[in-house]
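Visitor: Using the sequences and the hints given, assemble the complete structure.
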Amino acid sequence: MSQQSVLSKTQTQIASGKRVQTPADDPVAAVHILELQRALAESEQFATNADMAKNRLTLEEQALADANTLMQRVRELTIQGSNATVDPASRHMLAQEIRGHVKDLMDIANRRDANGEYLFSGYATLTQPFAVSGSAISYFGDQGNRALQIGQDQRVVDGHSGQDVFMGVTGGNGTFITTAGAANTGNGVIASGTIVDPSQWVVGDYTLRFTSATGDYQIVDASAAVVATGTYTSGSAISFRGVNINMSGMPAQNDTFSIARSRPEDMFTTLNDLANTLDAPTVTQADRARFSSDMATVLQQLDQVGDHLLSVRADVGTRLHTIEAAQDSLADRKVELESATSQLRDLDYAEAVSRMNQQLVGLQAAQASYSKIAQLSLFDYLR
Amino acid sequence: MADLLSTGVSGLLAFQRALDTTSHNISNVNTDGYSRQRVEIGTRPAQPYGNGWVGQGANVRTTQRVYDDFLAAQTRTSSSGLEHLDVYASNAERLNNMFGDSANGLSPTLQRFVNAFQAVANAPTSIPARQVLLSEANTLEQRLQFFNTRLDEIGNEINSRIKGEVAEVNSIAQGIARLNNEIASGIARTGGQPPNDLLDQRDKLLDELATKISVNAVRQDGGTINVFVGSGQPLVLGSNVNQLTTVQDPFDSSQLAVAVQTAGSSVDISASVTGGTLGGLLDFRREQLEPARNALGRFAVALTDVVNTQHHEGIDLSGALGGDFFAVGDAEVLDNNLNSGTGTVSATRVDVGALTGRDYLMEMTSGGWVLRDSLSGATVPMTGTGTAADPFVADGLEIEVGGTAAVGDTFLIRPTRSAITNMSVLISDPSRVAAAAPIRTAAAGTNSGSGTISAGEVLDSTNAQLRAPVTIQFLTANTYSINGAGSFAYTAGGNIDVNGWRMQISGAPQVGDTFTVSDNTSGTGDNRNALLLSDALKAPVLNGGTTSLGSAVGEFVGGIGVATRQAQVNRDAQNVVHEESLSAKEAVSGVNLDEEAANLLKYQQAYQAAAQLIRVADTMFQTLLAATDR
Numbered sequence: 001m002s003q004q005s006v007l008s009k010t011q012t013q014i015a016s017g018k019r020v021q022t023p024a025d026d027p028v029a030a031v032h033i034l035e036l037q038r039a040l041a042e043s044e045q046f047a048t049n050a051d052m053a054k055n056r057l058t059l060e061e062q063a064l065a066d067a068n069t070l071m072q073r074v075r076e077l078t079i080q081g082s083n084a085t086v087d088p089a090s091r092h093m094l095a096q097e098i099r100g101h102v103k104d105l106m107d108i109a110n111r112r113d114a115n116g117e118y119l120f121s122g123y124a125t126l127t128q129p130f131a132v133s134g135s136a137i138s139y140f141g142d143q144g145n146r147a148l149q150i151g152q153d154q155r156v157v158d159g160h161s162g163q164d165v166f167m168g169v170t171g172g173n174g175t176f177i178t179t180a181g182a183a184n185t186g187n188g189v190i191a192s193g194t195i196v197d198p199s200q201w202v203v204g205d206y207t208l209r210f211t212s213a214t215g216d217y218q219i220v221d222a223s224a225a226v227v228a229t230g231t232y233t234s235g236s237a238i239s240f241r242g243v244n245i246n247m248s249g250m251p252a253q254n255d256t257f258s259i260a261r262s263r264p265e266d267m268f269t270t271l272n273d274l275a276n277t278l279d280a281p282t283v284t285q286a287d288r289a290r291f292s293s294d295m296a297t298v299l300q301q302l303d304q305v306g307d308h309l310l311s312v313r314a315d316v317g318t319r320l321h322t323i324e325a326a327q328d329s330l331a332d333r334k335v336e337l338e339s340a341t342s343q344l345r346d347l348d349y350a351e352a353v354s355r356m357n358q359q360l361v362g363l364q365a366a367q368a369s370y371s372k373i374a375q376l377s378l379f380d381y382l383r
Numbered sequence: 001m002a003d004l005l006s007t008g009v010s011g012l013l014a015f016q017r018a019l020d021t022t023s024h025n026i027s028n029v030n031t032d033g034y035s036r037q038r039v040e041i042g043t044r045p046a047q048p049y050g051n052g053w054v055g056q057g058a059n060v061r062t063t064q065r066v067y068d069d070f071l072a073a074q075t076r077t078s079s080s081g082l083e084h085l086d087v088y089a090s091n092a093e094r095l096n097n098m099f100g101d102s103a104n105g106l107s108p109t110l111q112r113f114v115n116a117f118q119a120v121a122n123a124p125t126s127i128p129a130r131q132v133l134l135s136e137a138n139t140l141e142q143r144l145q146f147f148n149t150r151l152d153e154i155g156n157e158i159n160s161r162i163k164g165e166v167a168e169v170n171s172i173a174q175g176i177a178r179l180n181n182e183i184a185s186g187i188a189r190t191g192g193q194p195p196n197d198l199l200d201q202r203d204k205l206l207d208e209l210a211t212k213i214s215v216n217a218v219r220q221d222g223g224t225i226n227v228f229v230g231s232g233q234p235l236v237l238g239s240n241v242n243q244l245t246t247v248q249d250p251f252d253s254s255q256l257a258v259a260v261q262t263a264g265s266s267v268d269i270s271a272s273v274t275g276g277t278l279g280g281l282l283d284f285r286r287e288q289l290e291p292a293r294n295a296l297g298r299f300a301v302a303l304t305d306v307v308n309t310q311h312h313e314g315i316d317l318s319g320a321l322g323g324d325f326f327a328v329g330d331a332e333v334l335d336n337n338l339n340s341g342t343g344t345v346s347a348t349r350v351d352v353g354a355l356t357g358r359d360y361l362m363e364m365t366s367g368g369w370v371l372r373d374s375l376s377g378a379t380v381p382m383t384g385t386g387t388a389a390d391p392f393v394a395d396g397l398e399i400e401v402g403g404t405a406a407v408g409d410t411f412l413i414r415p416t417r418s419a420i421t422n423m424s425v426l427i428s429d430p431s432r433v434a435a436a437a438p439i440r441t442a443a444a445g446t447n448s449g450s451g452t453i454s455a456g457e458v459l460d461s462t463n464a465q466l467r468a469p470v471t472i473q474f475l476t477a478n479t480y481s482i483n484g485a486g487s488f489a490y491t492a493g494g495n496i497d498v499n500g501w502r503m504q505i506s507g508a509p510q511v512g513d514t515f516t517v518s519d520n521t522s523g524t525g526d527n528r529n530a531l532l533l534s535d536a537l538k539a540p541v542l543n544g545g546t547t548s549l550g551s552a553v554g555e556f557v558g559g560i561g562v563a564t565r566q567a568q569v570n571r572d573a574q575n576v577v578h579e580e581s582l583s584a585k586e587a588v589s590g591v592n593l594d595e596e597a598a599n600l601l602k603y604q605q606a607y608q609a610a611a612q613l614i615r616v617a618d619t620m621f622q623t624l625l626a627a628t629d630r
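For the protein sequence lines, the chains are H and G, in the order given. For the first sequence, this note's numbering begins at 1 and goes up steadily by one. For the second sequence, this note's numbering begins at 1 and goes up steadily by one.
What the hints contain is simulated information worked out from the structure, not anything from laboratory work. Warning: the hint list may mix true and false statements.
Pairs of lysine to any residue residues, derived as SDA-like cross-links and limited to a Cα-Cα distance of at most 25 Å, are as follows [said to hold, decoys possible]: (1) G:K538 with H:Q327; (2) H:K372 with G:V588; (3) G:K602 with G:H24.
Chain H residues, not near chain G, derived (Cβ > 12 Å throughout) [said to hold, decoys possible]: (4) T10; (5) R75; (6) S82; (7) H101; (8) T125; (9) N187; (10) N244; (11) Q327.
Cβ coordinates follow ideal geometry from the N, Cα and C atoms, glycine included.
Guide: Dropping the structure here:
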C-alpha cells in the first residue's frame, strides 16, 4: 500500500513535471518559489513600464529633433538678415517666415502622444501647454516630472515639462545680457560680452551710460550707484566687475546700454524679438547701430536655444540609454529568476524516472512475495 | 472397566470440544476483532486405590481466548493516535492544497494588484488602466472572500463531523454498556466462565470508540469495564451510559464543543479530548483553522490600512482627495454567555504592525482586568486604564471597558477574524482612483538663481490648507518669506513644511526668486500617488514593520506547508507504530491457519485414539462375556 502511494506520487511528479506540487512537499522551497514568482511578475511589470517610458521619450526626442531643425532654419534666416545691406523688403519677408516658424514651434510644443496627452505639459497632460495670450505665448502646463518605475529602485522620468524645454532657455551669455537703449543716437554697437573673472561678478542689473561724446562712461547699478567709470575708445573693451564688454563705433552722449543679469527666456519670445528686429527700420546710423546690437543679442540667444535643445536631447538620450540598460538587466533577471524557479520547482526527470523504476521493482517484489506466501498453507499438505 | 469407558468418553468429549474450538477458530479466521480461543484440558480427579491413584481421564476446564490486555490497550492507544493524526493531516492537506495553488493563490493575486498600480502610474489618465486596477482589487478581495468562505466551510464541516462522531460515540457507548450487562450475567450464569465472543465484541467496540476519542477503559470485578473520556469524565459505568453531546462555544455560537452530559449538568471536555477523530478535529480547528482565519484576516486588515492610508494622500481625476479604497471588518468582541455582570468591552485596531493574529481573553479578576492569550492562557501586558480617554493598549489594540463586570466574567477579543467577511472594495468609478498627488510645485519662470524646488510630499492629508496656494519668495539669497510674511533662514535642501506638505528647495536662489506650491487639480498625468501606493504595498508593515504584505503571504503559505508536512510525517510515523502494535496483537490473538491445521490433526488423532479406548473397553467387556458364557 505505502509503496503504491509513493509510486503514485512519483507518477504525478513525472506527469506534471513539478517536484513541488503543494507547499507541504517542500515548504522552504514553496515559499521561495512564491517569492521568485512575485519577483518575476514584478520585473515583467518593470519591463512594460520601461517600454512605455521608452516610447514616450522617443516621441519627445522626435519633437526635439524637429524643433532643432526648425531652429537651424531660423538661424540661417537670421544670418541672411543680419547683413545690413539686405533691403527692408527682403528682411520683412524673412521676418514673416520667422513668424510662421513661431507657429510651427508652438505646434511642436503642443504635440500629443497616442493617448491624446500633451507631451510637454508636465502633470497637466490634458491641458494644452502653449497658447497665445495677449502678444506673447504662455505656458499653461506645470513643472511636473512623471517618473516610471523600471527597476526595484530605479525610476526614469518619461518626459520634460514645456517649462524645461521651451521656456527656460538661459538668456544672454548665461551671466548677463546686453542690450542697446532704444533712444540711443550714436553708432555704438554693443556685443554680448564675456566673463573674465566670475569671482568678481556681482549679480545685478547695470546700466552703461556715456557721459560725453568722447567715450567717457559710467556704470551704475540698479540703485543708481556708480560702480565703475572710464573712457572708451572705439574698438576697445569696457571692463568692470570681472566682465569684458566689447563695443564698436562711438556712442553719443547719454546713450545707454543695459547689462542685466541673465533671466530665462522662452523660445517664442526669442523668435518674435528676432522677427521684430528684422522689421525694424535701418535708416539712420543710430538705427543701424541698434540693429547690429540687437542682431548680436538675438544670434547669441539662438545659440543658447541650440545649446538648450541639445542639452535636453542629451538628457533624453541618457534616459533612453538608462532604459535600455535596465531592459537588458530585466531580461537577464527574468532568465535568472526563471531558472531559479525551475531549479526549485521542476523535476529532475532522470532522477525521477530511475526513482520510479526502483519503486516499481519494489512494488512488484512485494506483490510477488505476497502471492507466494499466500499460497503456503498447511492445509495444502493435509490430504 | 466402567472407568475405562468413562475415561475414554471423557477424552472423546474433551477432544470434541477442542475440535469445536479449532473449527470455531478456523471459521473466524477473517472475523474482525476475533481472538483465537484455546481449550484448556485438565485431568479429572484420580481415584485412590490401595495401590495408588488411578487417573480418571480428562475434562475441559475452560475455553479461553488468547488475549493480552497490555497489547490490546497499546493498539487502542496507537489507533487513537493514528486517527487523530490522520484527520489532522488530511484537513491540513486541504488547507495546503487550497493556499498552495501557485496560479490563483494569494501571492500572485496580490502582485497583480501591485502591478495594476504600476500600470496606472504608466498612464494615469487611462481609464482602462484604472479599470484594470479596480478589477484586480476586486479579484484580490474576492480571493480573500473565497479563502475565508472555504475556511468557514471547513469550520462548518468540522462542526457537522463533530456532531456525527459524537452520535457514533454515543451508540458505541450504548453497545459497550449492553455488552457489559450481558457479559456480567454470562459470567455469573456459568460460574465465572468467560463469554469469549462477547468479550471480543466489546473489545472491538472499545477499539472503535478509541478511533473516535481517546478512552481510558478500567476493568471491574464481575467482567464489566468502565470507560472514561477527556480528563476522567465517565462515559460508560457498568451498564449505565453518560451521553456525549455537542454544545455551543460560550463565546461563539457557530462553533461546537464536545461535552459529557451527566445528571443535570454538562462538562465541556473539548480542551482535554486528545485522540481519535474528535481530538484530531478539535486540535486542527484550534491549531490550524483558527490561526489561518486570523492570519488571513490580519493580511486583509494590513492591506486595507496600507492602501487606504496612502490613497487618502492623493487626488483623483476630478481633483478630489482620495477616499477609502477598501472597507474591512472591525475587531470583534464576544461576551461569554455565562457572564453575570453588566460589563462591556470594545476593541479597536490602532497599529497594524503590532497585530499578532492571535485571539485574546479579557477577564475580570479580583485584581481588575487581565488580558490573556486565548490559546496559551499567558497574560498579555496592557498599558492604560481602559477608559475612553486612556484605553488599555496591547498588541496593536485599544480596549475600552464599561459597565460593571463581575469577577470571572470573560470576553473574547478577535482582532482580525471578521475582517474579511465585511471586506469590500469601496471604489467603483475608475476616475476615483487617487493616482495624483494633491500639490504641485513650480519655480517661477523669471527666477534668475539656480534654485530648484522638489516635487513635494504630503505629510498630513487632513490639513484643511493642504491645497491652498503658497508662494515662497526669497528676500535675500539666504532668507525667504512664505506668502509674503515672515523671514525664514534658507538652507539648501532643507525641509520646508507648510500646510501639511513638505518640500525642499536646493541650489542658490537669488533675491526676488519665487517658488510656488499649489493645488494639482489639473494634474491628470501625475502618477506620484500611484507610485507611492505601489511602494507602500511592498513596504514592510506587519510584525512591527519587518514583514511586507508579500512576505506575510509567503509566511502564511509556508507555515501551512510546514504544518501539513509535519502532520503528514507524524501520521506516517504513527502508522508504523500502529502497524507494529497491531501485528504484535495479531501475533498473540490472531488465528494462524497452519497452527489450526496442526491442532485439527492433533485433536483428530487424539479423538481417534480416545475412540479406540471405547473399542478396547468393548473388547474387554466381550472377552469377559465370552469367558463367562459357558
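Visitor: Beyond 12 Å from every Cβ of chain G: is that where the Cβ of N244 of chain H lies?
Guide: holds (21 Å)
Visitor: Check the hint pairing K372 of chain H with V588 of chain G against an upper bound of 25 Å on the C-alpha distance.
Guide: Holds, at roughly 24 Å.
Visitor: Measure nothing beyond the straight line between the CA atoms of K602 of chain G and H24 of chain G; if it is 25 Å or shorter, mark the hint as holding.
Guide: It holds: about 16 Å lies between the C-alpha atoms, which stays within 25 Å.
Visitor: Would H101 of chain H pass as off the interface with chain G, using Cβ distances and a cut of 12 Å?
Guide: The assertion about H101 of chain H holds, with a minimum of 22 Å to chain G.
Visitor: Grab the minimum beta-carbon distance between T10 of chain H and chain G and tell me whether it stays above 12 Å.
Guide: Its Cβ never comes within 12 Å of chain G, the nearest being 16 Å, so this holds.
Visitor: Over 12 Å to the closest beta carbon of chain G is the bar; see if N187 of chain H clears it.
Guide: holds (31 Å)
Visitor: Find the nearest Cβ of chain G to the Cβ of R75 of chain H and say whether that gap is larger than 12 Å.
Guide: holds (24 Å)
Visitor: Can we trust that S82 of chain H is non-interface, i.e. its beta-carbon lies farther than 12 Å from all of chain G?
Guide: The claim holds: S82 of chain H sits with its nearest Cβ about 28 Å from chain G, beyond 12 Å.
Visitor: For K538 of chain G and Q327 of chain H, compute the direct alpha-carbon distance and say whether it is at most 25 Å.
Guide: Roughly 22 Å separates the two Cα atoms, so the pair holds.
Visitor: With 12 Å as the threshold, tell me whether T125 of chain H passes as away from chain G on beta-carbon distances.
Guide: violated (3 Å)
Visitor: Beyond 12 Å on every Cβ pair: is that true for Q327 of chain H relative to chain G?
Guide: Per Cβ check, Q327 of chain H is outside 12 Å of chain G; nearest 15 Å; holds.
Consistency with the previously given hints fails for number 8 only.
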